[in-house]
Amino acid sequence: MVLKSFRSILIVMLVCFLSVGFACAAQKAAWKIGVAVSLTGVFGKDGSLVKDAYTLWQETVNSHGGINGAPVELIFYDDKSDPATTAKLTEQLIVSDKVDLLLGGFGSSQLFAASPVAEKYQYPLISGGASSNKLFERGFKYYFSTLGKATEEVRGCVDIFSEVTPKPKTAAIIGADILFTSLACDGFKKYCQKNGIEVIHFELFPMALQDYNSLLMKVKNKKPDVLLVGSHLLVAMKTIKAMKEIDFSPKAVAFSYGPTVPKFVEDLKGDANYVIAASEWTPNMPYSGKVFGKASDFNQLYIKRFNRRPDYVEAAAAGGAVAQQEVLEELGLKPPLSKENRIKIMEALHKDKFETFYGKIQFGADGANEAHPPVAVQIQSEKLENVFPLEYAEAKILYPFKPWKER
Amino acid sequence: MYTVFAQTIINGLLLGGVYAAYSAGFSLIFGVMGVVNLAHGELIMLGAFTSYWLFAYFNLDPYLSAPFAMVFLFLFGYVVQKYIINRVIGQPHIMSYILTFGLHLMIANIAIKMWTQDFRSITTSYSGANAAIWGLNIPLARLVTFMVALLVTWVLWFFLMRTETGRAIRATAQDKEVARLMGVDIRNIYAITFGLGAAITGLSGSVMSPFVIISPEMGLEYTIIAFCVVVLGGMGYMPGALVGGLVLGVAQSLAATYLNAGVSVAITFIILFIMLVICPKGILGKGSVA
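Chains S and L are the protein sequences, given in the same order. Heads up, the first sequence stops at 407 in the numbering used here, and the numbers go up one at a time, no gaps. Heads up, the second sequence stops at 697 in the numbering used here, and the numbers go up one at a time, no gaps.
Calculated from the structure, these hints are not laboratory results. Glycine is no exception: its CB is placed at the ideal position from the N, C-alpha and C atoms. Honestly, I wouldn't trust all of these hints.
What the hints assert, rightly or not - Simulated crosslink set (DSBU-like; lysine-lysine; CA at most 30 Å straight-line): (1) S:304 x L:520; (2) L:520 x S:32; (3) L:520 x S:98; (4) S:383 x L:520; (5) S:351 x S:120.
To be verified - Ranges between beta-carbon positions, derived for each pair: (6) S:304 x L:512: 28 to 38 Å; (7) S:403 x L:673: 26 to 36 Å; (8) S:406 x L:541: 19 to 29 Å; (9) L:517 x S:307: 22 to 32 Å; (10) L:468 x S:307: 22 to 32 Å; (11) S:196 x L:686: 45 to 55 Å; (12) L:513 x S:208: 19 to 29 Å; (13) S:162 x L:474: 48 to 58 Å; (14) S:307 x L:478: 45 to 55 Å; (15) S:139 x L:471: 55 to 65 Å; (16) S:300 x L:520: 21 to 31 Å.
Construct the entire structure; sequences and hints are all you get.
Encoded structure:
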């Protein structure tokens with residue numbers, strides 16, 4: 001009797017061990033991809049968009065049998081919008097979680113901290129949410145960005161003024177004093193000079209600024225034709241609120257980032273109209289690729305999954321994941337990846353050209369995407385419309401900005 | 408030139424009114440209990456969210472939802488004080504710092520889980536409305552908040568001076584042992600005070616909701632400003648929050664106009680440092696120094 005019970009226990013234990021063994025084997029067969037991204041803190045909203053993009057990519061890939069037969073497993077860690085934490089979590093993903101690959105989170109400051117860690121461990125790191133020029137000036141081989149450089153990303157927002165009448169003569173540039181937004185301000189300045197627009201005010205301010213009214217009142221008193229703002233979502237929303245409160249209506253207002261995030265229009269409603277924003281992608285662009293099909297297909301898939309349109313940063317993030325996927329397929333790799341394999345992936349990312357729903361992706365020697373034209377969008381009747389470049393424009397730019405008192 | 412200066416002062420006074428509105432509760436709680444409430448900003452956030460959700464689901468105007476925010480925050484504050492903060496009253500100050508900092512993290516993170524980290528904004532038909540008088544711009548929502556700050560300070564002053572509960576609160580603040588001997592239920596008074604502080608803070612969050620960006624993590628920056636305002640006006644001295652708020656608002660506005668916006672943020676901490684070193688009892692010299 002005792003012997004029989006003992007045998008039963010042994011059988012149960014054996015079954016348990018085998019199950020655990022199979023489970024481990026099954027886990028090992030998946031692509032473990034780690035992402036340190038801001039899910040809380042000042043970039044929490046922006047970072048959660050990037051998370052959505054990767055999640056959709058993962059679901060799409062897995063529903064088609066994974067990459068080279070292996071499903072994708074994503075590990076997300078919240079860096080709380082703190083660059084030091086991003087670096088720490090990136091190392092944790094590599095050393096403790098032993099991920100096969102990485103994908104980038106959101107924010108230049110965050111990626112600026114994460115990329116040296118990826119470089120040290122020789123992990124390719126593709127981001128779709130960071131574009132500061134300084135990211136590409138360090139001679140890194142493993143950092144890639146599907147966005148163009150920050151200073152170039154805002155070009156469309158200034159070039160579009162050469163298409164309007166009367167052409168603006170003066171501009172005021174303000175922006176948050178952090179890596180991406182300050183470089184966006186430099187980009188605004190550079191293209192204002194190229195377009196013959198005189199910059200009559202240039203000021204950076206800390207993210208902690210609570211009182212936008214005083215700052216914008218000072219700008220208003222200088223009567224610039226256009227206001228250009230180096231911004232993230234929060235800065236963009238605060239700026240619009242303050243502009244209306246102090247009744248500041250220049251001929252145009254453009255932001256480096258923020259208005260393309262759906263929440264901007266949802267909550268600001270009609271106050272968001274006439275706002276121009278930099279972008280790198282809209283669903284009407286004539287792009288297509290293997291994983292998601294056309295740009296418009298990606299848009300539809302996004303609406304079905306998240307009940308909203310994707311922001312261009314989400315498209316850029318998913319585009320980066322697709323590029324990495326295409327390299328894995330081209331090289332016929334399977335998890336787990338060795339260091340040598342990751343070196344091959346890095347080399348292929350530098351060499352290959354990718355045709356995707358996000359457009360052409362071609363990484364230069366510095367890791368920046370060299371194949372992407374900047375786009376400008378404008379909110380018209382509470383809807384984002386592509387207004388520049390003209391060959392892809394969905395609508396004609398509304399100019400000048402309708403004064404607050406007349407709305 | 409004259410217009411720019413006058414506009415700067417108006418901006419500063421209106422900004423100061425906003426600061427005073429949300430700092431009064433901080434001052435009251437510190438003055439009576441000696442608790443530096445590091446979860447103060449979360450009370451503002453909860454007040455703003457009360458208005459936001461009532462606006463989003465019932466289209467209720469933020470000013471009409473303000474009483475709901477007050478009642479909700481009073482109950483919230485009363486319960487938090489009675490069952491949580493009362494446990495550290497009388498213990499070293501560091502205990503209340505740790506506890507309220509923990510509360511700050513807990514409330515903010517629960518709010519993120521419930522409402523996501525989205526930035527939200529209330530846009531009403533009168534959002535951004537402003538009046539132009541003699542070429543000067545006056546944003547009306549801020550003017551209302553300024554008036555609320557004045558009203559709150561006056562009502563609170565009246566309540567503390569003229570009512571039975573107010574006298575009990577003042578007696579407890581002056582000497583809790585003697586107050587206890589006189590039959591004051593100290594624990595209940597503490598809970599009422601915290602509830603009252605939370606209610607007026609919730610009110611400020613509610614009246615600010617038409618012109619601020621609301622998010623679960625907005626609290627900390629407000630706590631920092633409230634601390635500076637209260638040190639400036641005198642810790643625990645009720646009208647001090649109004650004076651401190653106005654002085655800080657005008658100083659920041661002048662710095663933003665004549666220097667730059669970065670200095671306007673830095674000046675807050677420069678003033679805080681100077682006050683703590685030179686005049687820890689506040690501008691009026693009536694604050695308490697532990």
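Legend entry - Non-conforming hints, listed in increasing numerical order: 14
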